[in-house]
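Since the structure of chain A is provided, determine the placement of chain B on it from the hints.
These protein sequence lines map, in sequence, to chains A and B.
The first sequence: position 150 = 150 (UniProt numbering), numbered continuously.
The second sequence: position 25 = 25 (UniProt numbering), numbered continuously.
Bear in mind the hints are in silico, worked out from the structure with no lab data behind them.
Given that identical chains are not distinguished, each listed pair holds provided it fits within a single copy or across any two copies.
Keeping only pairs whose Cα atoms sit at most 30 Å apart, straight-line, the calculated DSBU-like set for lysine-lysine is: (1) Lys121 <-> Lys170; (2) Lys10 <-> Lys74; (3) Lys196 <-> Lys170; (4) Lys170 <-> Lys72; (5) Lys74 <-> Lys89; (6) Lys89 <-> Lys72.
Protein chains: 2
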Amino acid sequence: MKDFVIIGHKALTTGDFSLNDLPGSAGRMDILCRCVNSALFLSHGMRRDINVHLVLLGEPDPGKVVRFNGEKLKYLNPDERSSGSLIKKALERDAIEYETQSTPGVYIRRAGLEDLLNEFKEAGRDIYYLREDGEDIRECEGLGNDAVFVLGDHMGVTEEEEAIIDKVAKQTLNIGPISLHSDHCIIIIHNELDRKEA
Amino acid sequence: MKDFVIIGHKALTTGDFSLNDLPGSAGRMDILCRCVNSALFLSHGMRRDINVHLVLLGEPDPGKVVRFNGEKLKYLNPDERSSGSLIKKALERDAIEYETQSTPGVYIRRAGLEDLLNEFKEAGRDIYYLREDGEDIRECEGLGNDAVFVLGDHMGVTEEEEAIIDKVAKQTLNIGPISLHSDHCIIIIHNELDRKEA
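Just chain A, with the same shape it has in the complex (with noise of 0.2 Å):
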């Protein structure tokens, strides 16, 4: 598997919000919606090697995390409210330590991105950091089929968050000369390890 992590600063822990604004009440839910439609989508079907893991940090319960698993995934269509409403079913569950699945492919808990970031790196995982100044992913040896890429959202990452991954991270990487939206950053994350297993 490979896995996406996306911090959400501002998406909102409750499912209380309309899916005809998810940039507005929901808290730029919008783009964590279009990171799922990223990581997930293929032209003709579903990425079935690929978790995306929305860390969610907004009011009224910050410390949520919203798992989508491609392989057990039914249900998402992709555009953004579609992704929306999932995630909507899936807080609309209580959160506890452990994971519920909402619908098929979608589980919720409580968890922040230290929990998070530390079992990949307990499970040996390879943990890269999506950053302006990393090193080109062209050329980046030895991205493996089991990575883990860490990406903030509109806000970026906050130094207390970038101290978390920094501990864990095996590197920064950068995905080309000029910043993007981190759905497009996903896009370009596959499209180059789609390459490398050509």
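Same frame as chain A, now just chain B:
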């Protein structure tokens, strides 16, 4: 300028649709909305040297082109509803042979794929057609800052359209070993051009 042409085979040609149902009642308008996002957004701003031409071929009045011009564009946010709303406003105008501006940087006129591509050809522009069996974009020499890229939607490109494209296209290009949605292809095209220009 770089120009992206996306064919929306089922995309509605009236503004009489709901922003709450872009994939359904609006004829997969969500695909075109995501292409607008991919073509225009940077992390901190907008690509100003871009035109996006949406060729709308759905009912009830097929053969309209909505153009987004990065240089003049205002009121566009990254979410699908935002581009959907600007497309809807454009479609609420009467479409005539010449462009009418519906909102800053968004224009509508009555035209089809052939009209549009012939204009590019007459202007001496290099037209590239994105297709799985094309040449790898990374190997493509001479890909310039004034290229035109033609992409299909979820239905691909019909034989008739392909005949029109083949008459004017300089080359067919491929973005990688796996077939992707058009909005994802646009990200990879941009990344390649960004790298060539860097």
